[in-house]
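**Student:** Read off the chains here:
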Amino acid sequence: MNRLRPAFVLLVAAPALAFAVLSTGIVIQSRAALEPELDQSAARRALEYVRWERSQRLAELRAATGSLGSQIAPLDIARYAVYDRAGRTIERFPGDAPLLSLEPGTPQTEAMLAAARRSQAVVDFVTFDGAPAWLAYLPRDGGIAVVQRRVDPSTLTRFETATGYTLALYHGRRRALAGDEDFGARLPGTFVDSLASLDRALSLDADRRAAAPLKDFDDWDAIGAVVVAATASAPALPPLPLLPVSAIWLAAAFTVVALGWVTLRRHPGILATPLRRAFVIALIPPALAAAWAAGADARLSARTTDAALDLGARVLSLVPRPGQLPVERSAELAGADVAVVRAQGVVASDPELGAATDRVRGDPMGRVRVSGQRLAYRVVSEEGPPLLLLTPPLEDARKTALFWLAGLYGALAAAILVYASHARAAGNAIELREARTAWTFLSPSLVLLLVFSAAPLLFAFYLSFHRWNLVEPAKPFVGFEHYLTLAGDGLFWNAAKNTAVYSLYVPATMVCALAVAILLNRRIRGVALLRAIFFLPYITSFVAISIVWQWMYDPDFGLFNWLLGLVGLGPFPWLNSPATALLALIVLAVWIHIGFQMIIFLAGLQAIPNELYEAAMIDGAGPWRRFWRITLPLLRPTTFFVLVTSIIGSFQVFTFVYVMTEGGPLHATDVIVYHIYQNAWQFLRMGYASAMSWILFAVIFAITLAQFRFLGRRVAPS
Amino acid sequence: MSDAAAASVARRRAVNAATYGAAVLLGISMLVPFLWMISTSLMDEFEVFQFPPRLIPADPVWSNYPNALTAAPFGRFFLNSAVMSLFIVAGHLFTAATAGYAFARLRFPGRDRVFILFLANLMVPVIVLLIPRFLLVGALGWVDTYMGLIVTELVSVWGIFLMRQYFLSIPRDLEDAARIDGASEWQIFWKVALPLARPALATVALFSFVETWKSFLWPLIVTRSMAMRPVEVGIAAFHGLYFSNWPYQMAAAVVAVVPILLLFLFTQRYFVRGIQLAGLKG
Chain U
1 MNRLRPAFVL LVAAPALAFA VLSTGIVIQS RAALEPELDQ SAARRALEYV
51 RWERSQRLAE LRAATGSLGS QIAPLDIARY AVYDRAGRTI ERFPGDAPLL
101 SLEPGTPQTE AMLAAARRSQ AVVDFVTFDG APAWLAYLPR DGGIAVVQRR
151 VDPSTLTRFE TATGYTLALY HGRRRALAGD EDFGARLPGT FVDSLASLDR
201 ALSLDADRRA AAPLKDFDDW DAIGAVVVAA TASAPALPPL PLLPVSAIWL
251 AAAFTVVALG WVTLRRHPGI LATPLRRAFV IALIPPALAA AWAAGADARL
301 SARTTDAALD LGARVLSLVP RPGQLPVERS AELAGADVAV VRAQGVVASD
351 PELGAATDRV RGDPMGRVRV SGQRLAYRVV SEEGPPLLLL TPPLEDARKT
401 ALFWLAGLYG ALAAAILVYA SHARAAGNAI ELREARTAWT FLSPSLVLLL
451 VFSAAPLLFA FYLSFHRWNL VEPAKPFVGF EHYLTLAGDG LFWNAAKNTA
501 VYSLYVPATM VCALAVAILL NRRIRGVALL RAIFFLPYIT SFVAISIVWQ
551 WMYDPDFGLF NWLLGLVGLG PFPWLNSPAT ALLALIVLAV WIHIGFQMII
601 FLAGLQAIPN ELYEAAMIDG AGPWRRFWRI TLPLLRPTTF FVLVTSIIGS
651 FQVFTFVYVM TEGGPLHATD VIVYHIYQNA WQFLRMGYAS AMSWILFAVI
701 FAITLAQFRF LGRRVAPS
Chain F
1 MSDAAAASVA RRRAVNAATY GAAVLLGISM LVPFLWMIST SLMDEFEVFQ
51 FPPRLIPADP VWSNYPNALT AAPFGRFFLN SAVMSLFIVA GHLFTAATAG
101 YAFARLRFPG RDRVFILFLA NLMVPVIVLL IPRFLLVGAL GWVDTYMGLI
151 VTELVSVWGI FLMRQYFLSI PRDLEDAARI DGASEWQIFW KVALPLARPA
201 LATVALFSFV ETWKSFLWPL IVTRSMAMRP VEVGIAAFHG LYFSNWPYQM
251 AAAVVAVVPI LLLFLFTQRY FVRGIQLAGL KG
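Here the protein sequences come in this chain order: U and F.
The C-terminal residue of the first sequence carries number 718 in the working numbering, and the numbering is unbroken.
The C-terminal residue of the second sequence carries number 282 in the working numbering, and the numbering is unbroken.
Errors might be hidden in some of the hints.
Stated by the list, open to error - Across the chosen pairs, the derived CB separations fall in these ranges: (1) Arg525/U <-> Leu168/F: 46 to 56 Å; (2) Ala22/F <-> Leu484/U: 47 to 57 Å; (3) Tyr483/U <-> Gly21/F: 49 to 59 Å; (4) Trp62/F <-> Asp489/U: 50 to 60 Å; (5) Leu470/U <-> Gly75/F: 25 to 35 Å; (6) Ala607/U <-> Val15/F: 17 to 27 Å; (7) Tyr613/U <-> Ser184/F: 48 to 58 Å; (8) Tyr613/U <-> Gly21/F: 52 to 62 Å; (9) Leu564/U <-> Leu261/F: 26 to 36 Å.
Calculated directly from the structure, the hints in this document are not laboratory data.
All figures in this text were calculated on a predicted structure; none of them were measured in a lab.
Glycine included, every Cβ here is placed at the ideal spot set by N, Cα and C.
Only chain F is shown next, with the shape it has when bound in the complex (with noise of 0.2 Å):
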């Protein structure tokens, strides 16, 4: 019987390493483009043209770098989608908490009604929007500007969604209270629930952020001069016009990445937080 007992916990031990193993590998397998995009950015323009491939560049070429960021504006890329997020990250968390608080918190007649049509518009693909907004940013002298980029992101439904999700989770006895207390609406939703609801405008700040700093499609129709684009348009402008070096490219694409990474690093756990507020209560 004990050795019965011995036997299984063996077998679960080796079924758990086998397992862990299996993660790790797995693990590793998808850092594999990162690792390579890495590799490549330090090699030299003959070294990456090699069969079979270098996976180690024999004697890094760190030069790649500056001579990367200074064939295209990086700077001004970067900076370009600092102000573009930053506006848009404050636009996304103020609409965010007034109408998800009026959504979650107060009653009024249609409100309901009103919730689904604001969810409506997660059905519409941007593509649609394009042209017309396209079209009135332009009728208002935007192309090529801050507020062109800026102006039409400005609300973000998934984050009102989040933030009436979330106010509906916290307890309203604090609100009632201060209700009571004669407190206005407008100190009641600013002093006592937004405080409460930090965590969620933490992590509806941080989605706009990393969905603005991705952002494509619409950047690339609004910006026309170099000077304008962020840095997702800037660096596919930069594809196309150092195409076969590879190891500029993969610098660019490192630079790139690095600072959305690092965000990622410091802050994963409202990631998965709002993932999962978004996919499951809803």
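So that you can see chain U by itself, here it is in the shape it has in the complex (with noise of 0.2 Å):
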């Protein structure tokens, strides 16, 4: 037993401990963080059914009006008028004022709806007479009587039931609807007090209390809250994994005897050699990510039941009442991969999963196994017969990410392991030590570049062969379907076309920026100043720049028509027309790029000896010839290097297109990155996406290739 060494005890008991110890942190850790989060998402999906309520209401009001005389004053009306498409007024209520101001000479639509932004009326199309007509009104109380009318208390308590929460409607600091329960009295203006904070936020106090704000009819200010709050029947969290936490526990407890009693009995050397050593060093990571995904599940297992939760608030908008879900309306709940069945059958699909019901009664939500399948169940409404849904639990599709990850990881290991051992048959001590250190040290690196580069370029090469919308689980394999397409498609051919035109910018700043370094290589005062102001551009915030630009290239207030209009030129449209659009982005990358290659430039210039320009002077050279003889061919890798490089960055343009003119107008500068963005997350063509990325792909691989040919030498290891 004199051989319990210390480094025994770091290596073989460390990984085991540090496991159990950081998993039962990470569940707790994890609960902890997760109850605020449950709430916060209750509050948002209370606003959305509330909206519903609303619009619901909105529904009905337009319907009443086809008679409005009768109709408007039970509807808490202060002042209306009808207008016909034109914006005449036809009828108006009461006589005197007129209720919107139109301006003349626009589109009816758009001066409606800012007329009646400003005098805070609100605008519904309506049929009047039988004859489209726009109707607006200002409610009693500043636009929050109807509001309130428009929110049906009895539909509300069908919310608190289902979901276990208590809702509340503020307007103002006014109860909007007056339940029965004094929920007002525990609520002492936390969240009604600051209106505009809670403006775009929602917001949570300690008692587990969560607000969203309630927005006008534009959905421009925030005119209340909507807030709620945990009540008994609330969902709780999932009950603690006592079993897998304990698991872990006894798990390692018996990793840290087993093997040490093991070890030292047989092998007392086993860790004496340091490739052994390194094994054990190995195994830390897998055990930690082991740990932490055991420890996550709780979080993620609880994410599941809100996710059916959200579904469940989704289901409540569909059906009039409970347990009355039509069946061409499931339908709509399709695609979000949930079943809803009642007890007396099946809505959704299959008949199988009715049985569920049964075993899933007084729990309101958890796991059950239905034909063989796994999923997480939560029980929508209670009255009638119950309906319940279904949704596939998430922990299940992270442990078979984590089960590929840790074979990577694994598979790498024993292939480091195998080569090493096999080069200590050839080599000597030294080398041995050298190259275990080495692919140590680049292991790191080495598992999440495969993980994460080389791993998803292949999946990304798989994907394009098959057709996918991210939602649906079907994959169908297509062939060359897409890139067949992609020969045929304008848009690509335009966006590619586009993104040729853009690079142009490299040739044209490589000018400027050349001129700038030769002008600023030169010891002169403030000259570090200077070309950090040409540099400047470049390292600052592309979307703050993006945004100043956009407001520089306004074609009736923005500083470029006005210094243009100085010296009798323009107006130009700039980004308002397909004709400008792409120059304006040229000029801009021009202005962002120029200081970064003129840095390079200054390095090219400063490695050109001096003397070669000294012996061109003493034989009678000017400053032009000795830029043609000397500077431009001694700089010539300087300038290949900028120009390959920068035309591949170029090609990868996306941020001054999102924000600025979001590929338009009319496409005029829809370029391949921001096309294959939103072919993807847009249209979600995910296959066709694909297929494109890689031949972008395919297309820098090429040019650097070719630059390899080039500057081989240069790049090659020395």
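Now that you have both chains on their own, put them together as the hints suggest.
**Tutor:** In structure tokens, the structure reads:
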């Protein structure tokens, strides 16, 4: 037993113990962080539900305005006016002053909405005497009363029973709907005091009460709040996963004891070689990862039930009365990967699911096994036949992902190990030591690059042969269809053309940057400051820069048109016209990149030996001749480097387009990366986007290879 | 003869003065967008929409700043950017130092081939990796979390390259001496090589910080809630919300630009060195 060295304790016991301690800690921490999160999402759901309720009332109001005269008074409307589509007043109550002052010569829709916003009126499109018309009305109480009218208290209680949260609606500081429970008394104005701060975000107080802002009709100002507070029947956190936690502790203890026993009894020297020590060290990351995964399961399982709740709120907004979900409406939910089940029968799909409801009575949410598949469920409504929601649990997906990650890591570790023992046979001890150290040092970068760059690259290639919309599980194989479609896709070629035109900024910038570099390649006062100023645009926030330039390009009030106007040019529409938008982006790109290229040129210039210039001057060569005969030829490698890297960079422009033009107008600035982004994340054409991105990759690859051809010697490891 | 010399001196002075003047003028014109941004950020809503534009606000509206900054959770944006940058810079430093050292200093079979494979990553446009990375991060449950913002970005191939170049440029005498003294490889790396590479580490840290702070596409996709947005994405969202309120937008832009500006002012020479190291010695 005297062989029990510190190294052993450190290397074997430490990972196991760290595993146990960490996972327990993470379980507890995740649960602590989870409660407020659940409450916030409850508030968000409540808000959506209230909005839905209001839109229902609005529809009723619209229906009611068919015969306005008799209906107006009970609707609590202070003043109203009806306008025809040209904006002429048809009917007005009371008859003294116009409700909206419409601007002549403007499209009526815009003018109506603008005037309504100014006068706090509400504008609806209605049918009046059989003809389409605008109804503008000014509710009593400045817009609040109508909101109040439009939310039916009885439907809100349905939300409460379904989610287990108490819900209150506030307009300003006032309680809008008086429910049975005196909820307001427990709510000392925490949220409603600061409507402004509520404006865009959810807020939460210490007592698990969350508030979401209630907006006015045009979604502009916060006029109140939807507040939810957890009640006794609120969805509690899933129980602490005692079984996994204790299992982890047991496993840790077992590892320590067993490994220690085996190691010391049978192989006294098992940890003596550095190779084996390295192997044990290599075990630590997967151990920690597994611990982390075990702990975070708690968080994910709660998120799943939260997702089910979310679906619950959506179902509620579709169900007129509990238990009456029409079949055609359930189809709207099919895309959400959910099955809606009632005790008496299945609404959505599989009849076998119906049996599952029996097992879940009395337990509002959890996990259930249906047809051999593990599903998360949530009881949405217990009025009448229970309405049940099923959704695949998130934590299962994570386990699969972690399994693959761990497998990858293990394979890598094994490969390194095999390689190292192979190397031992071949080389001497010092070489072996170096090689082993090198692989140890490389392994973090290598693993991360494999997982987050190499594997994604290949997966994108795989995706490019499939059709997939990210939501549905089905990924049909389509062969080369995407690539063939691309060849005939005008928008793709348009994006490619725009990208090529945009990359013309590179030569333009290079000429400017070289001139500036020559100008600043001398010892004059303040040269460091000047260089810094030129470099400044490149390091600042591109989004902020884009916003500033968009403002400078404003055709009516922007700086550029004013400056050009001073010398008698313009005005130009800049970003507003397909003819000039791309040019505007190119000008911006020149301004941004000039300093970056200047710095590289400066370094190139400083590497040119001064003697060359001196000799040329003795020979009587003028500055122009010196530039063409000495500077430019000697700068050729630098110039080439700048050209190639900048062009590759220009192919990947995104931020400016996203912020300033969104590819418009008329696809005039739709560059390739933005086009891919849109296809992937707006049209959900993942396969098609992957195919396009692989073509971009191939182009960049070809350019880089060409560069290596020319610059091979300079980049090759020395 | 002396007249001719004097004339040539005078002419050279004139040329020098002209180039100097041109340089200063160009420099000032580079600053115009920044000045215009600051100027607009202090105007009220009506002053902005005047033609010809007012260059300097008649009565600076300082309240634009607090108003704009409370209109969106800018504090949270900055916190997110800071957390994200902190972890990514740490990751870059760690991976760049270890891998760069291995490539520059340690001999092992296949080193150059592996190095080329590493460099090949520079060719891969981020947009190709976007969808699979999102799926991976989604499968791990990290969408809209710091983990998701950080984990895919932990390695900087450029940083590895730069560290390798730097390690190659410093003499290995000290390391050999330490090796003879019986130091382990880890000790040599940690106690001998790394302290010598401090300037290169500083350069990597700075560039990583700026790149991370400016990164846009991945944070745009992996964050969903306002509370997880870093500054760049937050400002872009703000841009959409307050589309016609230019003073607010300019105030937000100023606030976004200032931190990097300050950093740059104090660390300028590291930036220059970093670009030159990567651009030329490569």
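**Student:** What hints, given by number in increasing order, does this structure fail?
**Tutor:** 1 and 8
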